[in-house]
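Novice: In this note's numbering, the protein residues as written are 1 to 355.
No wet-lab data here; the hints were simulated from the structure.
Take the hints with a grain of salt, since some may be wrong.
Lysine-lysine pairs mimicking DSBU-like chemistry, simulated, CA-CA at most 35 Å apart [as the list claims (entries may be wrong)]:
no., residue 1, residue 2
1, Lys-305, Lys-323
2, Lys-89, Lys-131
3, Lys-38, Lys-53
4, Lys-79, Lys-182
5, Lys-25, Lys-182
6, Lys-33, Lys-53
7, Lys-260, Lys-181
8, Lys-181, Lys-79
9, Lys-181, Lys-89
10, Lys-79, Lys-53
11, Lys-53, Lys-89
12, Lys-182, Lys-131
13, Lys-25, Lys-79
14, Lys-25, Lys-38
15, Lys-89, Lys-79
16, Lys-131, Lys-79
17, Lys-89, Lys-182
18, Lys-131, Lys-25
19, Lys-79, Lys-233
20, Lys-53, Lys-25
21, Lys-323, Lys-260
22, Lys-33, Lys-89
23, Lys-305, Lys-181
24, Lys-233, Lys-89
Pair ranges (Cβ atoms, derived) [stated by the list, open to error]:
no., residue 1, residue 2, range
25, Arg-227, Val-280, 36 to 42 Å
26, Ala-225, Arg-259, 14 to 20 Å
27, Leu-43, Pro-184, 54 to 60 Å
28, Gly-160, Gly-256, 33 to 39 Å
29, Gln-244, Gln-67, 37 to 43 Å
30, Pro-230, Val-280, 41 to 47 Å
31, Ser-319, Arg-86, 41 to 47 Å
Computed from a predicted model, the values in this text were never measured in an experiment.
Built from N, CA and C at the ideal position, the CB exists for glycine as well.
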Amino acid sequence: HLSRAIRQRHALNPEYRFAGRGIPKSCGHCGEKGHTIKTCPILHPDHPSNQPKDPAKPRKKRSSGPQMCSVCGLPGHNKATCQLARAEKKASEETEREPADAVSPGSNSAGADHSTEATDSPQRASLGGPKEAAVVLPLPTSWQQCIDQLNTVEGRGWPGGIRQQCRSALPLIEALLRRLKKHPDLAGRLTPRWLDEPDCVALWRSPRLAAAMFVTADTLHEMQAQRPEPGGKLLLLFINPQWQSEGQVVSDFGFGRTRKQAERFVGTCEEVYVLRRYRVFGDDVRLLRSYPSTWQLHVMDENGKPQLLGIEQEVPTYSDILKRLEALPSSRLRKGWLQRMMSKGSYDEASPWSS
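All chains, full assembly: derive it from the sequences and hints.
Specialist: Okay, structure coming up:
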């Protein structure tokens, strides 16, 4: 009843509410002011507030700015809710569950071993070579995706779209960037951020390197803004760019002056590492280029081993590949349509890995 009466009296007279404001609290045990019974040095000598303070040690100041993510560096969220961190975690889990196969120019699958040769090419390019380089990596697929694709009508492609490709590409790109950072001319901390999250266009930036994956024509201006001043040392690296500069009725870069500027910028970009796969009249052809060497054409034999088809100084066209295959005695191009149909099953077994 006494506490109720005190509360009622304080409610009727607002002055009582602020009567104790400004008066230091006193300890209920020793009666000293400046601390409470919870931090009393007699009862709690090991409490942090009772320990001697080092005057030389500066006091940490809490940042008053917005929360920053430690993964992508963008404000407004943390590592637990970052979309890029979730995609990297899921991709790493899928990589750990699946065995990594040995990779060669004629292998059916792609793994982290591609990053070894793909790393050496940009490093060689940074030493007096092109300052804008492109890398085209074959993306691995999971075993579940292979089963799903074999049950579909087409039997190839990426049902999950660009996000599924992003999950497959992230482990390869991370391995590539980790090796690039070890080079003295490309050393430095890489800060990732999204350029276009719906299209999975991401940028890793350091003072010496700017690497972007899945760059589209709409985000090309972001990479143009990364170009250094004249005399600056910065390598622009495009990983699996998504624009199409040839074979289009309407250019991806638009019209007029904007198109000319984009095509001029793309023209300065050299493909330093490329591994592509083509299907030509039943023959499984691989196109390989590693800077500063020329373009190599490989064809798979019946045992699944690569055979050198030819070396080209420029990017070989479809007609160039046909001429090389016509001169090869074991090519399926020289066989009849019935023999090609009978040997079609060997390619269908490997078609989920087609890039």
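Novice: A separate judgement is required for each hint: does it hold in the structure or not?
Specialist: Consistency of the hints with the structure:
Pair hint Lys-305 plus Lys-323 holds up; C-alpha atoms about 21 Å apart against a cutoff of 35 Å. Among the hinted pairs, Lys-89 with Lys-131 is consistent with the structure: their alpha-carbon atoms are about 32 Å apart, no more than 35 Å. For the suggested pair Lys-38 and Lys-53, the alpha carbons sit about 19 Å apart, so the restraint of at most 35 Å is met. A threshold of 35 Å between alpha carbons decides the hint, and for Lys-79 with Lys-182 the separation of about 26 Å falls inside it, so the pair holds.
At roughly 58 Å between alpha-carbon atoms, Lys-25 and Lys-182 are farther apart than 35 Å, so this suggested pair is violated. Proposed proximity of Lys-33 and Lys-53 is supported: the alpha carbons are some 19 Å apart, at most 35 Å. At most 35 Å may separate the alpha-carbon atoms for a hinted pair to count; Lys-260 and Lys-181 meet this at roughly 33 Å. Simply put, Lys-181 and Lys-79 have alpha-carbon atoms about 23 Å apart, close enough for the 35 Å limit, and the pair holds.
Annotation: proposed proximity of Lys-181 to Lys-89 holds, straight-line Cα distance about 21 Å (limit 35 Å). Of the pairs offered as hints, the one joining Lys-79 and Lys-53 holds, with about 33 Å between alpha carbons and a cut-off of 35 Å not exceeded. As the CA atoms of Lys-53 and Lys-89 are separated by approximately 42 Å, the hinted pair breaks the 35 Å bound. Annotation: proposed proximity of Lys-182 to Lys-131 holds, straight-line Cα distance about 18 Å (limit 35 Å).
Under the criterion of a C-alpha separation no larger than 35 Å, the hint pairing Lys-25 with Lys-79 is inconsistent with the structure, at around 41 Å. Restraint check for Lys-25 and Lys-38: satisfied, since their Cα atoms lie roughly 12 Å apart, inside the 35 Å limit. Note on Lys-89 and Lys-79: the hinted pairing holds, with a Cα-Cα distance of about 11 Å set against a maximum of 35 Å. Distance hint between Lys-131 and Lys-79 is fulfilled; the C-alpha atoms sit about 33 Å from each other, no more than 35 Å.
Under the criterion of a C-alpha separation no larger than 35 Å, the hint pairing Lys-89 with Lys-182 is consistent with the structure, at around 23 Å. Straight-line distance between C-alpha atoms of Lys-131 and Lys-25 comes to about 67 Å, which puts the hinted pair past the 35 Å bound. Between the alpha carbons of Lys-79 and Lys-233 the distance comes to roughly 32 Å, so the proposed pair stays at or under 35 Å and holds. Between Lys-53 and Lys-25 the CA atoms are separated by roughly 22 Å; this keeps the pair inside 35 Å, and the hint holds.
Taken as a hint, the Lys-323 and Lys-260 pair is honoured in the structure, with Cα atoms around 34 Å apart against an allowance of 35 Å. For the proposed pair Lys-33 and Lys-89, the alpha carbon gap of about 53 Å is over 35 Å, so the pair is violated. Of the supplied pair hints, the one linking Lys-305 and Lys-181 holds, its CA atoms being roughly 33 Å apart against a limit of 35 Å. As the CA atoms of Lys-233 and Lys-89 are separated by approximately 33 Å, the hinted pair is consistent with the 35 Å bound.
Restraint check, Arg-227 to Val-280: a C-beta distance of roughly 38 Å satisfies the suggested window 36 to 42 Å. For Ala-225 and Arg-259, the Cβ-Cβ distance of about 18 Å falls inside the hinted range of 14 to 20 Å, so the restraint holds. Take Leu-43 and Pro-184: their Cβ atoms lie about 59 Å apart, and the range 54 to 60 Å holds. Look at Gly-160 against Gly-256: about 36 Å separates their beta carbons, and that is inside 33 to 39 Å.
Between Gln-244 and Gln-67 the beta carbons are some 39 Å apart, a value that agrees with the proposed interval 37 to 43 Å. In this structure the hint that Pro-230 and Val-280 lie 41 to 47 Å apart at CB holds, the actual value being about 44 Å. Separated by about 45 Å at the C-beta atoms, Ser-319 and Arg-86 satisfy the suggested range of 41 to 47 Å.
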